[in-house]
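Trainee: Residue strings, one per chain:
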Amino acid sequence: MPLLQILGTGCPKCKKLAENTEAAAKALGLDYQLEKVTDIRQIMAFGVMVTPALVVDGQVKVAGKVPSVEDLKAMLK
Amino acid sequence: MAEKDSCACGAAPKLIFACSGAADVGAIADQAARKLTRDGAGKMYCMTGIGGRVSGIMKTTEAAAGILAIDGCSLDCAKHCLEEAGFKDFEHMRVTDLGLGKGTSPVTEESIAKVAAKGAAVLAAIC
Chain A
1 MPLLQILGTG CPKCKKLAEN TEAAAKALGL DYQLEKVTDI RQIMAFGVMV TPALVVDGQV
61 KVAGKVPSVE DLKAMLK
Chain B
1001 MAEKDSCACG AAPKLIFACS GAADVGAIAD QAARKLTRDG AGKMYCMTGI GGRVSGIMKT
1061 TEAAAGILAI DGCSLDCAKH CLEEAGFKDF EHMRVTDLGL GKGTSPVTEE SIAKVAAKGA
1121 AVLAAIC
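Chains as they are written, first to last, in our numbering: chain A, 1 to 77; chain B, 1001 to 1127.
Treat the hints with caution; some may be incorrect.
[What the hints assert, rightly or not] Only pairs whose alpha carbons sit at most 25 angstroms apart, straight line, appear in this in silico PhoX-like list of lysine-lysine: (1) K73/A x K16/A; (2) K1014/B x K61/A; (3) K36/A x K16/A; (4) K1118/B x K1043/B; (5) K16/A x K77/A; (6) K1043/B x K61/A; (7) K61/A x K1079/B; (8) K16/A x K61/A; (9) K15/A x K36/A; (10) K1035/B x K1102/B; (11) K61/A x K1035/B; (12) K36/A x K26/A.
In short, the hints are calculated from the structure, not lab data.
Input sequences plus hints: build the corresponding full structure.
Mentor: So, in structure tokens, the structure goes:
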């Protein structure tokens, strides 16, 4: 089960990234676990300095922008 | 299409990469990058994270508002490292181009300030 982590302190774009990521995962039929990481120290531990960001099984896939659902589907495959 | 804006909770910074090489000019490049960070001109970031293709470092760099590479000498290791990782759109400067010779330039506050002043000007010009 892939672990999808949304890095961000909770602004609208972070929420939008979470929504789009869930939509992409569901469209792919993935059995996934979604986790929101809001603690800045935990965020920085990924080497990320700009949010929102998406981490899939420990790999940062995107930072600083909100990709479309289609783009996210490609990242989750 | 993906949104291009950075998130309001963490706006994309201008990133500074120094070669941080073993020579005196590499040390000056490193210290100048740290001074630029302290002065708020940009944020020094991990050059070796680019070399190691660390995902968080790579994706943050892709989202940067601008990138400045500071090399100590004409070997241009920082520049080559960024290019090998796929980054083409960045500013570049060399410590030795500022009259500081490799092997003959002690790491002093004066030399660090000289390089940082040039770096600040380059960073300020990045829109």
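Trainee: Against this structure, judge whether each hint is valid.
Mentor: Hints and how they fare:
Pair hint K73/A plus K16/A holds up; C-alpha atoms about 15 angstroms apart against a cutoff of 25 angstroms. With a C-alpha separation of about 20 angstroms, the suggested pairing of K1014/B with K61/A holds against the 25 angstroms cut-off. Simply put, K36/A and K16/A have alpha-carbon atoms about 12 angstroms apart, close enough for the 25 angstroms limit, and the pair holds. Distance hint between K1118/B and K1043/B is fulfilled; the C-alpha atoms sit about 15 angstroms from each other, no more than 25 angstroms.
Straight-line distance between C-alpha atoms of K16/A and K77/A comes to about 20 angstroms, which keeps the hinted pair within the 25 angstroms bound. For the suggested pair K1043/B and K61/A, the alpha carbons sit about 22 angstroms apart, so the restraint of at most 25 angstroms is met. The straight-line distance between the Cα atoms of K61/A and K1079/B is roughly 24 angstroms, inside the 25 angstroms bound, and the hint therefore holds. Only pairs whose Cα atoms come within 25 angstroms are accepted, and K16/A paired with K61/A is accepted, the gap being roughly 16 angstroms.
Between K15/A and K36/A the CA atoms are separated by roughly 9 angstroms; this keeps the pair inside 25 angstroms, and the hint holds. Simply put, K1035/B and K1102/B have alpha-carbon atoms about 20 angstroms apart, close enough for the 25 angstroms limit, and the pair holds. For the given pair, K61/A sits about 31 angstroms from K1035/B by alpha-carbon distance, which is inconsistent with the 25 angstroms threshold. Between the alpha carbons of K36/A and K26/A the distance comes to roughly 17 angstroms, so the proposed pair stays at or under 25 angstroms and holds.
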